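All chains should be modelled from the sequences, with the hints used to inform the complete structure.
Quick mapping for you: the protein sequence lines, in order, are chains A, B, C and D.
Read in order, the letters of the first sequence correspond to residues 1 to 286 in the working numbering.
Read in order, the letters of the second sequence correspond to residues 1 to 286 in the working numbering.
Read in order, the letters of the third sequence correspond to residues 1 to 380 in the working numbering.
Read in order, the letters of the fourth sequence correspond to residues 1 to 380 in the working numbering.
A hint or two may mislead.
As the list claims (entries may be wrong) - As a list, the in silico BS3-like pairs of lysine-lysine whose alpha-carbon atoms are at most 27 Å apart:
| id | chain 1 | residue 1 | chain 2 | residue 2 |
| --- | --- | --- | --- | --- |
| 1 | B | Lys244 | C | Lys304 |
| 2 | B | Lys244 | C | Lys239 |
| 3 | B | Lys244 | C | Lys174 |
| 4 | A | Lys273 | D | Lys269 |
| 5 | C | Lys60 | C | Lys18 |
| 6 | A | Lys116 | B | Lys218 |
| 7 | D | Lys112 | A | Lys116 |
| 8 | D | Lys138 | B | Lys43 |
| 9 | B | Lys116 | D | Lys148 |
| 10 | A | Lys43 | C | Lys174 |
Because the hints were derived from the structure by calculation, they are not lab data.
All values reported here derive from a predicted model rather than from experimental measurement.
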Amino acid sequence: MSILVNKNTRLLVQGITGSEGLFHTKQMVAYGTQVVGGVTPGKGGGWANENIPIFDSVKMAVETTGANTSIIFVPARFAADSIFEAADAGIPFIVCITEGIPVSDMMRVRNYIDQKGVRLLGPNCPGLLTPGEAKVGIIPGDIAIPGNIGIVSRSGTLTYEVLYALKQVGMGSSTTVGIGGDPVNGTNHIDILRMFEDDPKTDKIVMIGEIGGSDEEKAAEFIATKMTKPVVGFIAGQTAPAGKRMGHAGAIIEGGSGSAADKIRALENAGVKVARHPEEIPSLLR
Amino acid sequence: MSILVNKNTRLLVQGITGSEGLFHTKQMVAYGTQVVGGVTPGKGGGWANENIPIFDSVKMAVETTGANTSIIFVPARFAADSIFEAADAGIPFIVCITEGIPVSDMMRVRNYIDQKGVRLLGPNCPGLLTPGEAKVGIIPGDIAIPGNIGIVSRSGTLTYEVLYALKQVGMGSSTTVGIGGDPVNGTNHIDILRMFEDDPKTDKIVMIGEIGGSDEEKAAEFIATKMTKPVVGFIAGQTAPAGKRMGHAGAIIEGGSGSAADKIRALENAGVKVARHPEEIPSLLR
Amino acid sequence: MKLHEYQSKQIFSKYGIKIPKGRVASTASEAKQIAEELGGNVVIKSQVLVGGRGKAGGIKVAKNPDEAEQFATQILGMEIKGLPVRKVLVDEAASIAQEIYLGITNDRAAKKPVIMASSAGGVEIEEVAKTNPEKIYKLHVNPLVGIKDYQARDIAGGINLPREHWNAFSEILKGLWRVYNDYDAELAEINPLVITSDNHLVALDGKMLIDDNSLFRHPELSEMRDTDEDAPSEIEARKFGLTFIKLDGNIGCMVNGAGLAMASMDILKLSGGEPANFLDIGGGASAEKVAAAMRIILSDPNVKAILFNIFGGITRGDEVARGILAAIAEVKPKVPMVVRLVGTNATEGRALLANANMITAETLLEAAQKAVAAAKGELK
Amino acid sequence: MKLHEYQSKQIFSKYGIKIPKGRVASTASEAKQIAEELGGNVVIKSQVLVGGRGKAGGIKVAKNPDEAEQFATQILGMEIKGLPVRKVLVDEAASIAQEIYLGITNDRAAKKPVIMASSAGGVEIEEVAKTNPEKIYKLHVNPLVGIKDYQARDIAGGINLPREHWNAFSEILKGLWRVYNDYDAELAEINPLVITSDNHLVALDGKMLIDDNSLFRHPELSEMRDTDEDAPSEIEARKFGLTFIKLDGNIGCMVNGAGLAMASMDILKLSGGEPANFLDIGGGASAEKVAAAMRIILSDPNVKAILFNIFGGITRGDEVARGILAAIAEVKPKVPMVVRLVGTNATEGRALLANANMITAETLLEAAQKAVAAAKGELK
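Next comes the structure, spelled out in structure tokens:
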């Protein structure tokens, strides 16, 4: 078991002929993920990575390949439409890696896909990894091993850091999910925490947050009231100045709220052990 | 029992200070319907029919009165917005009497309320009547008596005709529902047939259709496959010429489809007794 | 309401859709002059609001201005399916490599706009639907979201359009979508959309149907209405907000409610009569409206009797009765009138009409049978 | 990006929202001339991208053109919260009966735009939120549907606006909604929206924040960007698509990924050091970008050491290494550099850097501790 992706995931890559799309398609295939097709408008009928069929539209790709998950690498100005397209084609789970999508686009996307019951992960996220089963995204496969720890994170590379630190001490992950650093995204901490709580393969959870918004505070409340499994937390941005966007569009302390201190306090009050730095996480999981 | 409206219906009248709105509010109150409030923007704080409070918005009206059903009498150019307003205010069942709403407006309305799970009856309909319990609309109360016959109709006055004919022979109705004559509306024949099939107070059903669209053909299929209760039908427009709109925006034979003959054939094939004229219906119900 | 080809194409052009160079002419000499301006090789197209103009000889290709004048003379003298040709469109002739159908219309069953496209353009879409339904590619659009590029590509691929034209096609489809929306069209259609031999996409013919209910948002369109296809009585009725359709029988009908009006016509026929019209006076009709309706019915010399069937709901029986009385006073009708009045304020209405020398009836069947008898002169 | 008051108000005006007559001036004599044109009684408002201009003395009312010139001279010589005043807006003075707050912003938790209004206008909304939260009326709008009249009325009623102003308020709110949408604003705010003593609604002050991610749709806005509030290194970084924020410490940081960059700063602090900057080179950074990033870090004379923490994912270790080598060759840095390289193509990257005389580290904590030591001169 695992959450969201596994050996049965039939993955479609939107933007498969772009340089990032193709690079990571190869990495995913090498990892063992079933990449059943790719989409690049105008290039339908061709092939990517030798044996992956390219389609002009997600609709055609789904009809032909039976894809059940899509990953998006298309440029920011077209990415929102790509999400609409995947949702319209009946893809139930969409992972959007693209960074820099306007918030106005994402609000329209969210309000549209919510009514369709489609789950979106991201945008501006590293995707997710079920070690030993499927890699859907850009998390380097060799830094993680299978295990019983569920990881959910707003940050990409910080997640790698944690996976890497866990691997050093022989700890592995059931599924690792990067929810992305944008202010309006598809899936939040609570969504993933709930799945981990219900997942028999997950025994402990690592939740990585950062400054901005109130997602971590809400997650803390959820942990306190709904979760039985232990959670270890980390919040990035303790030294971040207010009013400045720390790279991620969502990582900003605004109007006095969203600081790391507030989030750490909320998590600790919910019984979460909060690490001082990422490499401290393995010891807190013991 | 009955469907959609009963003694517990708490009705809000949108457009209560207009001449039609006020006239029919009085009729509904006289019938015994619980009219708990009215809405006319800019006239909030006043009173209609002496003791019905007027509000500036549906939201305020719902908060104050606990209304659970709304009826709309506002002019066509504002009516679509009134439906949006009622849906946004949490009204689960909206009846729109207004005639002449642009189809483009109604398509937006339908796509919006469907995602909210709100039921709309109409527009361009006479509303509905549960004899002896509640009148929500403009069906004259004195032409119907309580009984075990469920009536669903695309036509307003034709419905009165049927109710009147039934009453002459002592037959009554569980609930009578006018779904309206517009091409894009909220509730169709099948929706109501399903409710009647499940309603213990309804033993037999009268379904009144007219030319245009394919609602009756679909209803015939539903009757043949899903219904156990007997249905008597009538289709208006046997003498209507093709390509001409017979008053109702939805009553038009287009591209060779939607004729009365086709609909009658479909209904008869589904085991429905089809009356030659409205006053023949009571005898077919025996 | 329907727009003419030239009106539709002018709108398309405003939305970035390429149309042939051309202008409309009311006389043959005008047509000749336009042909001269366009270089001589032109198409003369009758502007009437019916299909099948080509088959009827209402579209002709002229090789030079003189021929243009000659054809325009012919066409401007024609009637097509009963409608006089008052205008011709003179368009630069195009060299056609492929003809495509592209239309957007309301799908009442799906409650959504539907885009229809076909590689079999140039013939009526109903014809394609009958003979080659697999050649029509359909796509529904969520009206709250609008059209997206991937949908345009989906359609382009669906009709096997060569890839080199996808971008141009997408822009045309998005333009047509905005036309459809901005004008509250029931139909916005380009047929054919041609690929010219020099590889451009051009809207050679255009058709728009506007939702009458939306005309309050488009006052400029009301002025463009061509009423040639409507009987004068229908035009007159529209002024009063009445829905009137002229038919060939001899029993005038005045009914409130479209369904009941149709049923009243049906029962007249069932009783051996022929309705002279469909007339719905609508919900909540005033006395003035009723009087106007009566004048319109009586303007038809075929009418030998009138059937009034009023079932009060939003319409009130007393108001209708007052309208009838006013009209009688004004028009002094000589034909027998059968009246049936039930429902809201019917008692008051019947009281008002008690002295008006009308034949009364209790049931619809009785009313219809009496009207048929009256029209035959068997009842007065 | 932030727009100036005068830029925001010009946009509002294009959308039918009434603003005071006025113009922007760069010199005191220009301000005097504008005051003369406006009849003398004007407000001189500093145009800087910070709040609290009034308290800082950056807004003054002048009774006549001479006073306008005098105040403009004062204000144009000021610095407000560290920002030089380069322009003043000279607006006709308004006679104010009531001040209202009206703003539209993104609600990230609700995933919807939210309209905020308050009868307590004229002060910052965060201030109202603290002191009188019940005075802020909020309403979410479905971005697929847009704003409706009933929502505008709901808000008008919610802030107890007198009914006579509801229509005007509704038009202003709908205009502001279109501004917010057309410009992909994160915030479009009128504060105060005033009811003048002669009963007009006028946007006295305006503020707009534009989503940087949307600027590809608004090339004209990029030209309006005022970079006064940004450090020169931040402006330079933006040119290369880098996210750089200057801080006060002495350890330069180059990290890929915003979260990891923040965590790297945090761990430097935890290890007793102070970061000189936040720098995220982003996903899939090229060698050129990395070289630019290094130049920018080294342009800060405070920097005594550099920490590179690269965890390859979409970014490839070999690309980063090539960028570092290129930058070293060009800039010839004199400060010690600690590098940690893990993840995608890290092995290749480490191989490339083997001869570059850099301090290497395996873990983040080790890297941070080495960087702190290096900055103190304890490690080279």
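Status of each hint after checking the structure:
Annotation: proposed proximity of lysine 244 of chain B to lysine 304 of chain C holds, straight-line Cα distance about 24 Å (limit 27 Å). Taken as a hint, the lysine 244 of chain B and lysine 239 of chain C pair is honoured in the structure, with Cα atoms around 18 Å apart against an allowance of 27 Å. Under the criterion of a C-alpha separation no larger than 27 Å, the hint pairing lysine 244 of chain B with lysine 174 of chain C is inconsistent with the structure, at around 31 Å. Using a Cα cut-off of 27 Å, the hinted pair lysine 273 of chain A and lysine 269 of chain D holds, with the two alpha carbons roughly 20 Å apart.
Under the criterion of a C-alpha separation no larger than 27 Å, the hint pairing lysine 60 of chain C with lysine 18 of chain C is consistent with the structure, at around 21 Å. At roughly 25 Å between alpha-carbon atoms, lysine 116 of chain A and lysine 218 of chain B fall within 27 Å of each other, so this suggested pair holds. At most 27 Å may separate the alpha-carbon atoms for a hinted pair to count; lysine 112 of chain D and lysine 116 of chain A meet this at roughly 17 Å. Proximity of lysine 138 of chain D to lysine 43 of chain B is assessed by CA-CA distance (about 23 Å); at most 27 Å being required, the pair is judged to hold.
Distance check on the hinted pair: lysine 116 of chain B and lysine 148 of chain D sit about 17 Å apart at the alpha-carbon level, within 27 Å; holds. Only pairs whose Cα atoms come within 27 Å are accepted, and lysine 43 of chain A paired with lysine 174 of chain C is accepted, the gap being roughly 22 Å.
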